[in-house]
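Once you have looked at the hints, place chain B on chain W.
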Amino acid sequence: MTFKYMFKRHNDSGVKRIPHSLLLRRSLPIVILLLFSCALGPLHAWPEVSFKHEFEDICSRTSEAESLSIGELNMLIVRCDKLRTLIEKEGDPERTIYLNRLRMCKDLFVYVLESKKAATTETK
Amino acid sequence: MYVTWPDTCLLLFGKLDLKTHKKGNRIMKRIIFFVILMFIAAGMAQAQTGEKKKRPRPNEYGRVVINNYSKNAQMAPVAFDHWFHRSQFTCRVCHVDLAFAMKAGATGIRAEDNAKGYYCGTCHNGKKIFEDRKVFAACSKDFSLKDVQRCERCHSMGKEIKKEHDFSEFSSRMPKERFGNGINWEKAEKMGLIKPVDFLDGISIKRPGLKIQKDFDLDPKVEGMPKIVFSHKKHTVWNGCEVCHPEIFAGIKKGTTKYGMIDIMQGKYCGVCHGFVAFPLIDCQRCHTEPVE
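From first to last, the protein sequence lines are chains W and B.
Sequential numbering of the first sequence, starting at 1, is according to our numbering.
Sequential numbering of the second sequence, starting at 1001, is according to our numbering.
Here chain B stands alone, though its shape is the one from the complex:
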């Protein structure tokens, strides 16, 4: 007794009674077999296209790859390590005063802009003295062979370039943290181990001191999760107001901007910084700090 395809189709469309038809059991088995086969195929397809995110190493955490024009200039993309710059400057200096966008590659930095003294060229001009030494000049548009070594200090993606500032040496002096760079930056500042600069001569604007903002609680969406204590004070000291408001948090009143962990994981709201540069989202206890009542 053979099971034919027309029989299977008839069964699927309800034209064949499974109980009375002799071939019913066989047809049912065939359907189950095909359903399982489809699930396996879909799973395999998913496994081939899906990407498993590799957790970056502490020295690579916060690395931004800039590749707007490098390829055309036959240079390696720029591998910008946030860790060193954030140990020296507040977020506001670069993301407000120097107008660096919050998204990698969105600024569209060009070598000629740097040469004119904008973006990286504000400090990287070969003249500026920082910590008793000259800050190396940014790569110019027309570079010669002798400039290659200097250019490669930033255009280093995929190359084995020895960096001037050694991460392991730097991090060994810092208070430890489990994730991200493995450094508790907040604690490091409190301990006076880092003193991020908040003003650049000729670039930053002299502003009156910022009013200290009160920290506040945020209710988690998932029941049983500890409450979130948002450190408004810390965020304003490093960012000012305009980095977050209204671009990232447009809601006027507390609680009006509705977002959840999925949004944050997609790089929105807190996820603009946390997960890329600031401590990562797997470090739940850093935000969900208040004990459950």
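Only chain W is shown next, with the shape it has when bound in the complex:
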């Protein structure tokens, strides 16, 4: 009603009347742009959040490394290598600290994997 009244008044004063459908169509790109900017806003915070989350997820498995299968260990090692490239983009000292911590986790997984492989070849 307010819109109608507004447009009527505009129309009365000689301004071209914009139909509702056209108004919606014109506002759609603005709405999309707004939504997109909302999504892009915290983009700079994403890598940090995701790398720490991924780091915690990988390194929390060190205490149970012994009970993991060869496939699981291989998967964790691959994830370590992927995460490494992500951490390398960080600034110091965070980069040094987390690369060191990740190296310890990966080395342990490799160590357990090798011991498991050695054990399986021995039993064969």
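Among the clues, some could well be false.
[To be verified] So, partial list: chain B residues that the calculated Cβ filter (under 8 Å) puts toward chain W:
hint, residue
1, Lys1103
2, Ala1115
3, Tyr1118
4, Glu1189
5, Gly1192
6, Ile1205
7, Ile1212
8, Val1237
9, Gly1240
10, Cys1241
11, Glu1242
12, His1245
13, Pro1246
14, Ile1252
15, Lys1253
[Claimed, not checked] Sample of chain W residues with no beta-carbon within 12 Å of chain B, all distances over it, derived:
hint, residue
16, His20
17, Leu22
18, Leu28
19, Ile30
20, Val31
21, Leu34
22, Ser69
23, Gly71
24, Asn74
25, Met75
26, Thr85
27, Lys116
[Said to hold, decoys possible] Distance windows between CB atoms, simulated:
hint, chain 1, residue 1, chain 2, residue 2, range
28, B, Lys1134, W, His53, 26 to 32 Å
29, B, Phe1199, W, Lys89, 39 to 45 Å
30, W, Ser69, B, His1085, 24 to 30 Å
31, B, Lys1211, W, Thr121, 21 to 27 Å
32, B, Phe1136, W, Leu99, 44 to 50 Å
33, B, Asn1068, W, Glu88, 19 to 25 Å
34, W, Arg26, B, Arg1207, 54 to 60 Å
35, W, Leu99, B, Lys1254, 39 to 45 Å
36, W, His53, B, Val1135, 55 to 61 Å
37, W, Glu88, B, Met1265, 33 to 39 Å
38, B, Glu1223, W, Thr121, 31 to 37 Å
39, B, Val1135, W, Leu35, 33 to 39 Å
40, W, Ser69, B, Pro1056, 43 to 49 Å
Worth flagging that the hints you see were computed from the coordinates, not collected in a lab.
All C-beta atoms, glycine included, are put in the ideal place defined by N, C-alpha and C.
What follows is chain B alone, placed relative to chain W:
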């Protein structure tokens, strides 16, 4: 009858017969005299350059001197006493979660890193509450005169600084041990006198409980020495897995990493901790525990 240098040289190169030559005895005496003289000189030279290691006092045992950047900042080097921190935290918290290297000075801690909340600054930030009091903040890069006293709490090497935690008072409550800090840390934990923290909020990772590792025997290299009973359980509780494997012990199977006491005394294998922070190597009975059959 004079003994000349050419005669001595001839004798040394086998050109002169000792039995037939008249000067033989004299030449032989001269050679013996010079050999003895050389031994004495070598011994004296050794005595001048060799360093006799002084056994540290109980309160100084485990002290790490950190001097990466202190000198340039015109500060005294940091004298980090392990005894207090090890009474509060497990080895894993600092050497895995806070990423402190196992070798003194290898971490390369900077004041700005501490100020950002890393390394010492994780706890030493002036905000963290530990045992009902604020943990003092680490020294910042730009310190003023009023900060000097706080800075000197760590940058204390070679200075007479009164420490907040008194070692003699602390150790008087602990079970005694002959060497090292004079404290039996293992017993102290068993008795509940110390409860080392294994988790720091926002730093440590939540891990599922570690599977209890079985202790095992190790055969000594020297015949007649008591067998070594390695407490795998104790080591994993304090260190986790990644402190030792594979960096210190790379061998996959028990017995594959070959090492002896010389390696350990050089700071390798068990010697990474034992001899510096954990009980020293002169405390043989702590490892060689099993009676000889």
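The hints, checked one at a time:
Look at Lys1103 of chain B: its Cβ only gets to about 13 Å from chain W, farther than 8 Å, so that hint breaks. Annotation: interface hint on Ala1115 of chain B violated; nearest CB of chain W at approximately 11 Å, more than 8 Å. Because the smallest distance between the Cβ of Tyr1118 of chain B and any Cβ of chain W comes to about 5 Å, under 8 Å, the interface hint for this residue holds. Using the Cβ-Cβ criterion of 8 Å, the hint placing Glu1189 of chain B at the interface with chain W is not satisfied: the shortest such distance is roughly 20 Å.
Checking Gly1192 of chain B against chain W by beta carbon gives a least distance of about 24 Å; that is not within 8 Å, so the hint is violated. For the restraint placing Ile1205 of chain B at the interface with chain W, the shortest Cβ-Cβ distance is roughly 5 Å, inside the 8 Å limit, so the hint holds. Interface restraint check: Ile1212 of chain B against chain W, minimum CB-CB distance 11 Å, threshold 8 Å, status violated. About 11 Å separates the beta-carbon of Val1237 of chain B from the nearest beta-carbon of chain W, more than 8 Å, and the hint is not met.
Look at Gly1240 of chain B: its Cβ gets to within about 7 Å of chain W, closer than 8 Å, so that hint holds up. The closest approach between the C-beta of Cys1241 of chain B and any C-beta of chain W is roughly 6 Å, which is under the 8 Å cut-off, so the hint is satisfied. The closest approach between the C-beta of Glu1242 of chain B and any C-beta of chain W is roughly 4 Å, which is under the 8 Å cut-off, so the hint is satisfied. Because the beta carbon of His1245 of chain B sits about 5 Å from the nearest beta carbon in chain W, less than 8 Å, this interface hint is met.
The interface hint given for Pro1246 of chain B holds, since its Cβ lies 4 Å from the closest Cβ of chain W, which is under the 8 Å cut-off. At its closest, the beta carbon of Ile1252 of chain B sits 4 Å from a beta carbon of chain W; the interface hint therefore holds under the 8 Å criterion. Restraint check, Lys1253 of chain B versus chain W: the minimum CB separation of about 7 Å is within 8 Å; hint holds. Remark: the non-interface label on His20 of chain W is consistent with the geometry, its nearest Cβ contact in chain B lying 53 Å away (cut-off 12 Å).
The Cβ of Leu22 of chain W sits about 53 Å from the closest Cβ of chain B, beyond the 12 Å cut-off, so the non-interface label holds. In this structure Leu28 of chain W is separated from chain B by more than 12 Å, as the shortest Cβ-Cβ distance comes to about 43 Å. The beta carbon of Ile30 of chain W sits about 40 Å from the closest Cβ of chain B, which is more than 12 Å, so the claim that it is off the interface holds. Look at Val31 of chain W: its CB is around 38 Å from the nearest CB on chain B, clear of 12 Å, so calling it non-interface holds up.
With a cut of 12 Å on Cβ distances, Leu34 of chain W stays outside the contact zone with chain B, its closest approach being about 34 Å. The beta carbon of Ser69 of chain W sits about 15 Å from the closest Cβ of chain B, which is more than 12 Å, so the claim that it is off the interface holds. At the 12 Å boundary, the C-beta of Gly71 of chain W stays outside the reach of chain B, the nearest C-beta of that chain being 19 Å off. The non-interface label for Asn74 of chain W is consistent with chain B: the shortest C-beta to C-beta separation is roughly 16 Å, beyond 12 Å.
With a least CB separation of 17 Å from chain B, Met75 of chain W remains clear of the 12 Å interface cut-off, as annotated. With a closest Cβ-Cβ approach of about 19 Å to chain B, Thr85 of chain W is found to remain outside the 12 Å limit, as its non-interface label requires. The claim that Lys116 of chain W is not at the interface with chain B is violated, since a C-beta of that chain comes within 12 Å of its own (minimum 9 Å). Between Lys1134 of chain B and His53 of chain W the CB atoms are about 30 Å apart, so this pair conforms to the stated range of 26 to 32 Å.
Against the hinted window of 39 to 45 Å, the Cβ-Cβ separation of Phe1199 of chain B and Lys89 of chain W comes to about 28 Å, which falls outside the hint. The hinted window of 24 to 30 Å between Ser69 of chain W and His1085 of chain B is violated, with their beta carbons roughly 38 Å apart. For Lys1211 of chain B paired with Thr121 of chain W, a C-beta distance near 23 Å keeps the hint of 21 to 27 Å intact. For Phe1136 of chain B and Leu99 of chain W, the Cβ-Cβ distance of about 29 Å falls outside the hinted range of 44 to 50 Å, so the restraint is violated.
Separation of Asn1068 of chain B from Glu88 of chain W is about 23 Å and conforms to the stated range, judged on CB atoms against 19 to 25 Å. In this structure the supplied range 54 to 60 Å holds for Arg26 of chain W paired with Arg1207 of chain B, their Cβ-Cβ distance being about 55 Å. In this structure the hint that Leu99 of chain W and Lys1254 of chain B lie 39 to 45 Å apart at CB is violated, the actual value being about 31 Å. At roughly 28 Å, the beta carbons of His53 of chain W and Val1135 of chain B sit outside the given window of 55 to 61 Å.
Between Glu88 of chain W and Met1265 of chain B the beta carbon distance is about 38 Å. The supplied range of 33 to 39 Å therefore holds. Checked against the given bound of 31 to 37 Å, the beta carbons of Glu1223 of chain B and Thr121 of chain W, roughly 33 Å apart, stay inside it. Under the hint 33 to 39 Å, the C-beta atoms of Val1135 of chain B and Leu35 of chain W, about 45 Å apart, miss the expected range. Under the hint 43 to 49 Å, the C-beta atoms of Ser69 of chain W and Pro1056 of chain B, about 47 Å apart, fit the expected range.
The structure shown violates the earlier hints numbered 1, 2, 4, 5, 7, 8, 27, 29, 30, 32, 35, 36 and 39.
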